[in-house]
Amino acid sequence: MINVSRLKKGIVIDHIEAGHGYKIFSQLGLDELEDVVVLMRNVPSRKMGKKDLIKIETDINLDLTVLGLIDPNVTVNFVEDGVLLRKEKLQLPEVVEGILECKNPRCISKYQKIDDIKFYLIDRKTKEYRCEYCDTTTSF
Amino acid sequence: MLKGRHLIEPSEFRIDELEEIFGLADSIIQKPENYSEICKNKLLASLFYEPSTRTKFSFDAAMLRLGGQVIGFSDPNTSSVAKGETLKDTIITISNYVDIVVVRHPQEGTAKLMSKYALVPVINAGDGGHQHPTQTLTDLLTIRHYKKSLKNHCIAVCGDLKFGRTIHSLVKAMHRYEGTKFIFISPEELRIPRYIKDLLDPDSYRETTSLDEAIGEADILYMSRVQRERFVSEYEYLRLKDYFILTPEKMLMAKEDMIVMHPLPRVNEIAEEVDDDKRAVYFHQAKFGMYVRMALIIKLLGLE
Ligand SMILES: [Zn+2]
Numbered sequence: 001m002i003n004v005s006r007l008k009k010g011i012v013i014d015h016i017e018a019g020h021g022y023k024i025f026s027q028l029g030l031d032e033l034e035d036v037v038v039l040m041r042n043v044p045s046r047k048m049g050k051k052d053l054i055k056i057e058t059d060i061n062l063d064l065t066v067l068g069l070i071d072p073n074v075t076v077n078f079v080e081d082g083v084l085l086r087k088e089k090l091q092l093p094e095v096v097e098g099i100l101e102c103k104n105p106r107c108i109s110k111y112q113k114i115d116d117i118k119f120y121l122i123d124r125k126t127k128e129y130r131c132e133y134c135d136t137t138t139s140f
Numbered sequence: 001m002l003k004g005r006h007l008i009e010p011s012e013f014r015i016d017e018l019e020e021i022f023g024l025a026d027s028i029i030q031k032p033e034n035y036s037e038i039c040k041n042k043l044l045a046s047l048f049y050e051p052s053t054r055t056k057f058s059f060d061a062a063m064l065r066l067g068g069q070v071i072g073f074s075d076p077n078t079s080s081v082a083k084g085e086t087l088k089d090t091i092i093t094i095s096n097y098v099d100i101v102v103v104r105h106p107q108e109g110t111a112k113l114m115s116k117y118a119l120v121p122v123i124n125a126g127d128g129g130h131q132h133p134t135q136t137l138t139d140l141l142t143i144r145h146y147k148k149s150l151k152n153h154c155i156a157v158c159g160d161l162k163f164g165r166t167i168h169s170l171v172k173a174m175h176r177y178e179g180t181k182f183i184f185i186s187p188e189e190l191r192i193p194r195y196i197k198d199l200l201d202p203d204s205y206r207e208t209t210s211l212d213e214a215i216g217e218a219d220i221l222y223m224s225r226v227q228r229e230r231f232v233s234e235y236e237y238l239r240l241k242d243y244f245i246l247t248p249e250k251m252l253m254a255k256e257d258m259i260v261m262h263p264l265p266r267v268n269e270i271a272e273e274v275d276d277d278k279r280a281v282y283f284h285q286a287k288f289g290m291y292v293r294m295a296l297i298i299k300l301l302g303l304e
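If you're matching them up, the sequences are chains Y and H in order. Sequential numbering from 1 applies to the first sequence in the numbering used here. Sequential numbering from 1 applies to the second sequence in the numbering used here.
These are computed hints drawn from the structure, not numbers from a lab. Fair warning: this is a prediction, and the values are worked out from it, not measured in the lab. Incorrect hints may appear among the rest.
[Unchecked claim] Selected chain Y positions facing chain H (Cβ under 8 Å, derived; list incomplete):
# : residue
1 : Ser109
2 : Tyr111
3 : Asp115
[Claimed, not checked] From the derived model, a few chain H residues whose C-beta atoms are all more than 10 Å from chain Y:
#  : residue
4  : Gly4
5  : Phe22
6  : Asn34
7  : Ser74
8  : Glu108
9  : Ser149
10 : Glu178
11 : Asp203
12 : Glu249
[Claimed, not checked] Simulated crosslink set (BS3-like; lysine-lysine; CA at most 30 Å straight-line):
#  : chain 1 : residue 1 : chain 2 : residue 2
13 : H       : Lys172    : Y       : Lys125
14 : H       : Lys287    : Y       : Lys113
15 : H       : Lys56     : Y       : Lys110
16 : H       : Lys3      : Y       : Lys103
17 : Y       : Lys103    : H       : Lys40
18 : Y       : Lys110    : H       : Lys162
19 : Y       : Lys118    : H       : Lys197
20 : H       : Lys3      : Y       : Lys118
21 : H       : Lys172    : Y       : Lys110
Where a beta carbon is used, it is the ideal one built from N, C-alpha and C, also for glycine.
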């Protein structure tokens, strides 16, 4: 069995709701990373019953905005030389760029290639965002 | 300052900024000759990606009456814009030629997209079912003209309140004014959407299915048509379209100084006999539409 508990420098994404691990894995583009990445699924957890967990051994600064969107309850641990540097709770981002897609078939973004569509958070509870162009609400 | 700004949706101008536009429109109405050359040597591009003769004429007339000139198209199929050029490239190019751009497009959000790349002010002349801010400005100027203010009115809106974009914009715009009350008159199936009601103080509106019951209370009656394409079946359309028709008999129950408005064109929701009633102002709205566009163009160009 691989020992994943010792991380020289990297990130541990903990308390991922069971089943969301793979989603996060692909959204962060971890399959394209050259570094060591471990995705653990269905890890027994006292708090959550079952959880997913991701360990990434890397120097790269990852854009973690997407995490807040997929699963705002995860904890991100930044590790250096096997020591926990800091722990971060995530929040839903106020503005999301380039991750969401507008659901409105009449939206101009369906007809023109627009890379940088902004979505503005309108409801924390329902995780709903509003398209900057047509105002249609959408969620992840 | 309105100079250099875009107008994409009606609520992006503050109340005092709207007042600037309406005040100027008043002056134009009083002495149009004072403004007949203010836009001399200015050029407006009128980009109509779908035909809308009414709106196009209103903008063209506004610019020409200010002494400016207009270039553009009203049918994208006959112009080079159809040949796969992106809207971004089109607007950047056109921005080089003109001082102000008016755009109408069937897809929602187009004016917003173009305004991001435009080097000159962009006015949204309708983007699908989304926004049509100059229609809202027209409605506000009309109310302000006949009722002398935009405060403390009871506005009854009648018809298709579920899909009617004009009505949603009007409600959003009017609820910002002090003392506004709304009565929403519609069949159950076409009630005003939740998200609009959420904007309003619960004491400031009520809903009813009876025009008869509500008409006596209204200072302004805003009628709207019921569009065939909104319905799943012809039967549903026929059942609901005649639900609320304004007749001379109903007008007897209305206040002496009530005004009846309608975005036009009407189908049959207002009986023709009502046209002769002095309270029917819907045919004059078009004139206010032109004046408000004249004032808007002057303000966005920073000419006054
Ligand atoms: Zn959209």
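Comparing the hints with the structure gives:
1. A cut of 8 Å between beta carbons decides the hint on Ser109(Y): the least distance to chain H is about 7 Å, and the hint holds.
2. Here the hint on Tyr111(Y) is kept, as its CB sits about 5 Å from the closest CB of chain H, short of 8 Å.
3. Hint on Asp115(Y) is violated. Least Cβ distance to chain H is approximately 11 Å, over the 8 Å limit.
4. Residue placement check: Gly4(H) keeps its beta carbon more than 10 Å from all beta carbons of chain Y (closest about 20 Å).
5. Remark: the non-interface label on Phe22(H) is consistent with the geometry, its nearest Cβ contact in chain Y lying 26 Å away (cut-off 10 Å).
6. Every CB of chain Y lies more than 10 Å from the CB of Asn34(H), the least distance being 39 Å, so the non-interface label holds.
7. For Ser74(H), the requirement that its beta carbon stay farther than 10 Å from each beta carbon of chain Y is met, with the minimum near 20 Å.
8. Look at Glu108(H): its CB is around 4 Å from the nearest CB on chain Y, not clear of 10 Å, so calling it non-interface is violated.
9. The beta carbon of Ser149(H) is kept farther than 10 Å from every beta carbon of chain Y, the shortest such distance being approximately 30 Å.
10. Glu178(H), annotated as away from the interface, keeps every beta carbon of chain Y farther than 10 Å; the closest lies near 26 Å.
11. Annotated as non-interface, Asp203(H) keeps its C-beta farther than 10 Å from every C-beta of chain Y; the closest such distance is 24 Å.
12. Under the 10 Å C-beta cut-off, the non-interface status given to Glu249(H) relative to chain Y holds; the minimum distance is some 40 Å.
13. As the CA atoms of Lys172(H) and Lys125(Y) are separated by approximately 24 Å, the hinted pair is consistent with the 30 Å bound.
14. Of the pairs offered as hints, the one joining Lys287(H) and Lys113(Y) is violated, with about 39 Å between alpha carbons and a cut-off of 30 Å exceeded.
15. For the hint pairing Lys56(H) with Lys110(Y), the CA-to-CA distance comes to about 26 Å; that is within 30 Å, so the pair holds.
16. The suggested pairing of Lys3(H) with Lys103(Y) is violated, with an alpha-carbon distance near 35 Å, which exceeds 30 Å.
17. Under the criterion of a C-alpha separation no larger than 30 Å, the hint pairing Lys103(Y) with Lys40(H) is inconsistent with the structure, at around 44 Å.
18. For the proposed pair Lys110(Y) and Lys162(H), the alpha carbon gap of about 24 Å is at most 30 Å, so the pair holds.
19. A hinted pair counts as satisfied when its Cα atoms are at most 30 Å apart, and Lys118(Y) with Lys197(H) qualifies at roughly 26 Å.
20. Restraint check for Lys3(H) and Lys118(Y): satisfied, since their Cα atoms lie roughly 26 Å apart, inside the 30 Å limit.
21. With a C-alpha separation of about 27 Å, the suggested pairing of Lys172(H) with Lys110(Y) holds against the 30 Å cut-off.
Consistency note: the structure conflicts with the earlier hints numbered 3, 8, 14, 16, 17.
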